[in-house]
Amino acid sequence: MSAAPNLGQAINGGCDDRPIAIEVQHIVKRYGDFEAVKDVNFCVHDGEIFGLLGPNGAGKSTLIRMMTTLIPVTAGKAIVGGHNVAKEPDEVRRMIGVIPQALTSDQDLTVGENLLIYAKLYGVPRGIREKSIADVLEAVDLTKWRDAQTKTLSGGMRRRLEIARGLVHNPKIFFLDEPTTGLDPVSRIAVWEMLNNLKTTRHLTMLITTHYMDEADKLCDRIAIVDHGKLVALGTPVELKNSVAGANVVEVHFDRETEEWQGRLEALEGVTSVQPESSGFYRVITKSGSKTTMQIVELAASLGESLTSLSVQNTTLDDVFIHYTGRQLRDEQVKPVFTMPPRPGAQP
Amino acid sequence: MNRMYAIIEREMRKFFRSPTLMIMSLMLPILQLIIIGNAFGGKIVGTHVAVVDHDHGPQALKVREAFDAIAVNIKTFTTVDYGNEVQAREDVRTGKIDAAVIIPEQYSRRVYTDNAPKLGFVVDNSDLFTSASLEGEMQSLVDALNDPTVKDRLDKAIALEIVELYPYVNYLKYLLPMTVALAMYISVMIGGGMLYIDDKARGVHEGYLVTPITKLELVFGLNIAGAIKATLSGLSIGIIGSLIAGLGVVFHPMIMLQMFCLIVAGSIAFNGMMFLLMVRVDDPLVPRAMFGVLNVLLLYPSGAMYPTVSFPKWMQAMSVIDPFTYAIHGFKSILLKDGGWIAIRFDLAFLTIFGIATLLIATPLFKRTL
Ligand SMILES: Nc1ncnc2c1ncn2[C@@H]1O[C@H](COP(=O)(O)OP(=O)(O)OP(=O)(O)O)[C@@H](O)[C@H]1O
Ligand SMILES: [Mg+2]
Numbered sequence: 001m002s003a004a005p006n007l008g009q010a011i012n013g014g015c016d017d018r019p020i021a022i023e024v025q026h027i028v029k030r031y032g033d034f035e036a037v038k039d040v041n042f043c044v045h046d047g048e049i050f051g052l053l054g055p056n057g058a059g060k061s062t063l064i065r066m067m068t069t070l071i072p073v074t075a076g077k078a079i080v081g082g083h084n085v086a087k088e089p090d091e092v093r094r095m096i097g098v099i100p101q102a103l104t105s106d107q108d109l110t111v112g113e114n115l116l117i118y119a120k121l122y123g124v125p126r127g128i129r130e131k132s133i134a135d136v137l138e139a140v141d142l143t144k145w146r147d148a149q150t151k152t153l154s155g156g157m158r159r160r161l162e163i164a165r166g167l168v169h170n171p172k173i174f175f176l177d178e179p180t181t182g183l184d185p186v187s188r189i190a191v192w193e194m195l196n197n198l199k200t201t202r203h204l205t206m207l208i209t210t211h212y213m214d215e216a217d218k219l220c221d222r223i224a225i226v227d228h229g230k231l232v233a234l235g236t237p238v239e240l241k242n243s244v245a246g247a248n249v250v251e252v253h254f255d256r257e258t259e260e261w262q263g264r265l266e267a268l269e270g271v272t273s274v275q276p277e278s279s280g281f282y283r284v285i286t287k288s289g290s291k292t293t294m295q296i297v298e299l300a301a302s303l304g305e306s307l308t309s310l311s312v313q314n315t316t317l318d319d320v321f322i323h324y325t326g327r328q329l330r331d332e333q334v335k336p337v338f339t340m341p342p343r344p345g346a347q348p
Numbered sequence: 001m002n003r004m005y006a007i008i009e010r011e012m013r014k015f016f017r018s019p020t021l022m023i024m025s026l027m028l029p030i031l032q033l034i035i036i037g038n039a040f041g042g043k044i045v046g047t048h049v050a051v052v053d054h055d056h057g058p059q060a061l062k063v064r065e066a067f068d069a070i071a072v073n074i075k076t077f078t079t080v081d082y083g084n085e086v087q088a089r090e091d092v093r094t095g096k097i098d099a100a101v102i103i104p105e106q107y108s109r110r111v112y113t114d115n116a117p118k119l120g121f122v123v124d125n126s127d128l129f130t131s132a133s134l135e136g137e138m139q140s141l142v143d144a145l146n147d148p149t150v151k152d153r154l155d156k157a158i159a160l161e162i163v164e165l166y167p168y169v170n171y172l173k174y175l176l177p178m179t180v181a182l183a184m185y186i187s188v189m190i191g192g193g194m195l196y197i198d199d200k201a202r203g204v205h206e207g208y209l210v211t212p213i214t215k216l217e218l219v220f221g222l223n224i225a226g227a228i229k230a231t232l233s234g235l236s237i238g239i240i241g242s243l244i245a246g247l248g249v250v251f252h253p254m255i256m257l258q259m260f261c262l263i264v265a266g267s268i269a270f271n272g273m274m275f276l277l278m279v280r281v282d283d284p285l286v287p288r289a290m291f292g293v294l295n296v297l298l299l300y301p302s303g304a305m306y307p308t309v310s311f312p313k314w315m316q317a318m319s320v321i322d323p324f325t326y327a328i329h330g331f332k333s334i335l336l337k338d339g340g341w342i343a344i345r346f347d348l349a350f351l352t353i354f355g356i357a358t359l360l361i362a363t364p365l366f367k368r369t370l
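Chains as they are written, first to last, in UniProt numbering: chain A, 1 to 348; chain B, 1 to 370.
Possibly wrong hints are sitting among the right ones.
[What the hints assert, rightly or not] Here are the computed lysine-lysine pairs in the DSSO-like style, where the Cα-Cα straight-line distance is at most 27 Å: (1) B:K367 <-> A:K38; (2) B:K215 <-> A:K172; (3) B:K215 <-> A:K77; (4) B:K200 <-> A:K151; (5) A:K87 <-> B:K200; (6) B:K14 <-> A:K144; (7) A:K87 <-> B:K215; (8) A:K151 <-> B:K118; (9) B:K62 <-> A:K87; (10) B:K14 <-> A:K131.
In case anyone wonders, no lab produced these hints; they're calculated from the structure.
Just need the whole structure built from these sequences, with the hints factored in.
Shown next, in the form of structure tokens:
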């Protein structure tokens, strides 16, 4: 698939005949003169996990806040669960569960108390309150911690408590703003698995925001890339990667760093860009991974230099992001967050 | 309605779970009661007064005997003999002694000849309390010395006979009404001001706002919880303070009931005022900065420490709309005078109406969105 259809899809929001849980049409949010969200369109289908991917300040939280009735919409409209958020906010609120970006559970209360208060706020009938709380605790694997003070929980457990809190009234649509930010890799994977399970057992539609490429890739059925308040691409992870035609990444580590490597690599046929990563280590974006690999080996041999490592990566969402926004998401982030290990199966 | 109770339940559970708010709202008023009560309320004793006797006559001896009587009985001061007037003045100035009495030459003779006898009194008037107390003591001493010679005029002299309406009110008791009001104020300031804005900043309200709770349920939930906390603080201080000040209110059910009603009305008023002030605030620094300013603006014009009649007009105007004024008036009426319902009915009415009015103004200002 080429780039064009996806961009086209981004503009009409990827809506098709499937049942729709969330529909956002020409939505705009202005703070004074500043346009935080600019004419965004998309549809989220029933039962999918939909990801909004973008760097800090892209407008992800602003979008979620409009969809969850937290801030007024400047222009356009959002229809959630069949109700317009501007006209029937209470109907919307009854159908949705929301996990805000910040951890907001009460530290002074126990896990069970936090859930109880929210069950009451959501008007869960007295008769089924107990069962609902027990069920969500089970679902996020916190049953044993029910009577623990929230302040004694680890970050990952608190995140799970927040997830439980958002589910205590059995919503149909679940909004999660950066659900794994601040978690260690193991806890993140645990949260992904949990969300995947919840999706099937509770028949949930989920909209999550993230700035983690791997999270969007592994967890989401479809992804919308947001940048500077605009939706720049939309599709399944595979569609998005395929749309960035021929972009392979070759990572090469030379034994010896010389100033000439950059120029020599750029001169190779099919190479579109070369990014120095560290001493002697380069990330080469090329139209053909296999061809460039060969050329690099030959180049090194002809100069009598040797290589420490050489690897080809398939297209990643990183590359997709660069393609659509013209820059790397990682440039705006704390570096380690986005340093991904080489994919299993990547050819040497 | 159930959602409103959920908000109250959350606040109360937090309140009892972490006693910080309770302790903080009780500590300052109690300390103030004890420290200020004892600092201002006590009598001046044990000061030192120099006596410089240039006369050495029989009348001078009489003065010195009177001084000795004071040293033994009231103990306001003891005397120290000085031979040198210059040295005595210098020692008052440097604070070595608190005052000096100069008995001039020819003092005895002037007394006998009715030739305007004078005693010199040097006092350090930069210390208002000590100098006032010593001056008072000296004046009554001089009056006593004059006594035999003015006897014939006594019948014509106008005398002020002081009738104290209520049993002796010491400073600790006098401060108690302010202390109770202050406890309620601090509870509202921390619980309704700071914690409320902190919750907002932390995103706790964001959590509420995505639930189907209505604006009224949220506003009333927060305010009822705030008023309950202030009431608990006020009652605790009322009881602890009465015991410290030696008032037996605790043993009079009717006074306790009146006290309770006033505290509830006062809590509603304070809380409503705080909610109105904070309803559009997002910055957690604001309530912290306002704490002291509001304290001065509300407490001092209220007549808690000084009577409102002594204020300039603009301050009296402030005291008219200041809920502290009515809370303190009410507490004084029942704690110090046992004035009954009649004495506090206007205070009760004002506080309740003030609380409801501020809440009515604040509610439309409260945003149901972020
Ligand atoms: N209340 C506000 N007033 C003015 N500008 C705002 C307000 N809230 C957000 N913005 C601006 O809108 C833009 C989008 O912010 P938003 O919080 O939606 O970004 P985000 O994609 O969620 O970023 P992050 O990954 O950091 O959470 C930012 O530039 C931000 O400064
Ligand atoms: Mg955000």
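Problem - Given hint K151 (chain A) paired with K200 (chain B) - CA-CA distance at most 27 Å - result: holds (19 Å)
Handout entry: Straight-line alpha-carbon gap K87 (chain A) to K200 (chain B), limit 27 Å
Key = Satisfied, since the Cα-Cα distance of roughly 25 Å is no more than 27 Å.
Practice task
Given the hint that K151 (chain A) pairs with K118 (chain B), test it: the Cα-Cα distance must not exceed 27 Å.
Solution key: violated (76 Å)
Exercise for the section: Mind checking the alpha carbons of K87 (chain A) and K215 (chain B) for me, to see if they're no more than 27 Å apart? Expected result: holds (16 Å)
Handout entry: Given pair status - K131 (chain A), K14 (chain B), alpha carbons within 27 Å
Key = holds (24 Å)
Practice task
Would you mind confirming whether the straight-line C-alpha gap from K367 (chain B) to K38 (chain A) stays at or under 27 Å?
Solution key: holds (25 Å)
Problem - K14 (chain B) paired with K144 (chain A) [C-alpha distance capped at 27 Å] - result: Given pair K14 (chain B), K144 (chain A) holds - Cα atoms ~22 Å apart, limit 27 Å.
Practice task
Given the hint that K62 (chain B) pairs with K87 (chain A), test it: the Cα-Cα distance must not exceed 27 Å.
Solution key: violated (96 Å)
Practice task
For the pair we were handed, K215 (chain B) and K172 (chain A), check the Cα-Cα distance against 27 Å.
Solution key: holds (24 Å)
Practice task
Measure nothing beyond the straight line between the CA atoms of K215 (chain B) and K77 (chain A); if it is 27 Å or shorter, mark the hint as holding.
Solution key: holds (23 Å)
In terms of the numbered hints stated before, the structure departs from hints 8 and 9, listed from lowest to highest.
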